[in-house]
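Based on the provided sequences and hints, a complete structural model is requested.
So the sequences go chain by chain: A and B. All residue numbers for the first sequence refer to our numbering, where the first residue is 4 and numbers rise by one. All residue numbers for the second sequence refer to our numbering, where the first residue is 4 and numbers rise by one.
Please note that the accuracy of each hint is not assured.
Because identical chains cannot be distinguished in the list, a pair is counted as satisfied if it fits within a single copy or across any two copies.
Claimed, not checked - Cross-link-like lysine-lysine pairs, in silico, DSSO-like; alpha carbons within 30 Å at most:
1) K49 <-> K11
2) K49 <-> K196
3) K11 <-> K161
4) K196 <-> K11
5) K217 <-> K49
6) K11 <-> K135
7) K93 <-> K11
8) K217 <-> K152
9) K11 <-> K152
10) K139 <-> K93
11) K152 <-> K139
12) K135 <-> K49
13) K49 <-> K152
The hints are simulated quantities; they were obtained by calculation from the structure and are not laboratory data.
2 protein chains.
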Amino acid sequence: MAQEHTVKSYDEELNQLRSMISRMGGLAEAQLTGAIEALTERNAEKAQRIIAADRSLDILEQEIESQAIQMIALRSPMADDLREIVAAIKISSTLERIADYAKNVAKRSIVLNQSEHVKPAVLIPQMVELTKVMLKDALDAYIDRDAQKTIMVWESDKGVDELYNSLFRELLTYMMENPRLITPCTHILFIAKNIERIGDHVTNLAEIVYYQVKGETLDMNRPKSDDTSFAVVPPPANT
Amino acid sequence: MAQEHTVKSYDEELNQLRSMISRMGGLAEAQLTGAIEALTERNAEKAQRIIAADRSLDILEQEIESQAIQMIALRSPMADDLREIVAAIKISSTLERIADYAKNVAKRSIVLNQSEHVKPAVLIPQMVELTKVMLKDALDAYIDRDAQKTIMVWESDKGVDELYNSLFRELLTYMMENPRLITPCTHILFIAKNIERIGDHVTNLAEIVYYQVKGETLDMNRPKSDDTSFAVVPPPANT
Numbered sequence: 004m005a006q007e008h009t010v011k012s013y014d015e016e017l018n019q020l021r022s023m024i025s026r027m028g029g030l031a032e033a034q035l036t037g038a039i040e041a042l043t044e045r046n047a048e049k050a051q052r053i054i055a056a057d058r059s060l061d062i063l064e065q066e067i068e069s070q071a072i073q074m075i076a077l078r079s080p081m082a083d084d085l086r087e088i089v090a091a092i093k094i095s096s097t098l099e100r101i102a103d104y105a106k107n108v109a110k111r112s113i114v115l116n117q118s119e120h121v122k123p124a125v126l127i128p129q130m131v132e133l134t135k136v137m138l139k140d141a142l143d144a145y146i147d148r149d150a151q152k153t154i155m156v157w158e159s160d161k162g163v164d165e166l167y168n169s170l171f172r173e174l175l176t177y178m179m180e181n182p183r184l185i186t187p188c189t190h191i192l193f194i195a196k197n198i199e200r201i202g203d204h205v206t207n208l209a210e211i212v213y214y215q216v217k218g219e220t221l222d223m224n225r226p227k228s229d230d231t232s233f234a235v236v237p238p239p240a241n242t
Numbered sequence: 004m005a006q007e008h009t010v011k012s013y014d015e016e017l018n019q020l021r022s023m024i025s026r027m028g029g030l031a032e033a034q035l036t037g038a039i040e041a042l043t044e045r046n047a048e049k050a051q052r053i054i055a056a057d058r059s060l061d062i063l064e065q066e067i068e069s070q071a072i073q074m075i076a077l078r079s080p081m082a083d084d085l086r087e088i089v090a091a092i093k094i095s096s097t098l099e100r101i102a103d104y105a106k107n108v109a110k111r112s113i114v115l116n117q118s119e120h121v122k123p124a125v126l127i128p129q130m131v132e133l134t135k136v137m138l139k140d141a142l143d144a145y146i147d148r149d150a151q152k153t154i155m156v157w158e159s160d161k162g163v164d165e166l167y168n169s170l171f172r173e174l175l176t177y178m179m180e181n182p183r184l185i186t187p188c189t190h191i192l193f194i195a196k197n198i199e200r201i202g203d204h205v206t207n208l209a210e211i212v213y214y215q216v217k218g219e220t221l222d223m224n225r226p227k228s229d230d231t232s233f234a235v236v237p238p239p240a241n242t
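Written out as structure tokens, the structure is:
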């Protein structure tokens, strides 16, 4: 039988840190999936479960941070090791924020259940699918230390932003055509913005993993295509 | 004349870290002030300056983080000192996010300049005033290590949330009454949400400073009064 160790080896600590990150990544993925299911199934009970489960990611973030700080203070790691441990702190903080946005989606899905069905909501699952693939790839890149894959993730965010831009304009047009849809469309707008922000944070994740693996920053211009801050949507001709 | 020291003392390093935080706090305050001035003065040039200046906060955050990690690795600080250095990392990350929201306000102010004037926009400067007082008090609490003041800040966030709730309902009503206002009102809605999020982050700041000073968490239920995720605004009778 394996012996009990009261003092873990440095490698054991590092492996433990990695598996905590992977677990947290899996939980964040599940939160995003659950939130969008709650939305499309109009399932308030599932939304409540997602909201409640967010706490476990907050706790995991704290645990990862504590362990990382302790390792830095007690082991004085250098170069690659220090970079990996600092990356763990940043990754856990980013995953916590991703889960936070998923929680917000779940919250808003509850009020949407009570409103009229709005057609453009079909673009939302598309945005989520793309975001989920990005998140999965970023987590795979972390496990495999695959810098090439982080670049792929980084470039995919453009697609999420483009879907968001379409949705933004479409929703505003719906609101103009039918004032009864203003409340549900506003909530869908905020849901879409939450998912667009998740895409941004997965892009951050890709940058953190790239830096961890390569020791240099992903030195290109960030693909930033959410231009809705500057969008003016003209009212339809009949208003 | 003072002699050159190639190796700084630990206290010098700590003081340097503190003054970097204070400087970053001042810059974040200035960004928020500038963003709201750009909005109320309909001054696109000022908005562009705010957007450009955000970069300096990103750089400062990186510098603070590098210095803090280096201090943890090389000095292996314990207890109070470790808590202060970890707090510096978190504070700089929070200030960076606050400045990011200010930048978003500046971005949206540019498109609002091109739209019709919307009446409820007067509530926005009120929200900003309250948020700025909170930010100033949180930074004072950091400098003075004043736990009492952090609790005060923490409790003030309720006021920001209440203003946001009013604004949310008011804006939706305006949109229902006049479809021509849907585009500007949507941008104001996102601006208001950005400021509401700044309030949340200043509340985080208060929690970080409290923990740094007291060594225990601000163990109350967080005052969370943005209930617009659950808001259903009925259309006016004439639609």
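Here is what the structure says about each hint:
no. : hint          : result
1   : K49 <-> K11   : neither (39 Å within a copy, 55 Å between copies)
2   : K49 <-> K196  : both (21 Å within a copy, 26 Å between copies)
3   : K11 <-> K161  : neither (43 Å within a copy, 45 Å between copies)
4   : K196 <-> K11  : neither (43 Å within a copy, 46 Å between copies)
5   : K217 <-> K49  : neither (40 Å within a copy, 38 Å between copies)
6   : K11 <-> K135  : neither (35 Å within a copy, 47 Å between copies)
7   : K93 <-> K11   : both (23 Å within a copy, 28 Å between copies)
8   : K217 <-> K152 : within (13 Å within a copy, 43 Å between copies)
9   : K11 <-> K152  : neither (32 Å within a copy, 41 Å between copies)
10  : K139 <-> K93  : both (17 Å within a copy, 27 Å between copies)
11  : K152 <-> K139 : within (11 Å within a copy, 43 Å between copies)
12  : K135 <-> K49  : within (19 Å within a copy, 38 Å between copies)
13  : K49 <-> K152  : neither (33 Å within a copy, 39 Å between copies)
Consistency with the previously given hints fails for numbers 1, 3, 4, 5, 6, 9 and 13, ordered from lowest to highest.
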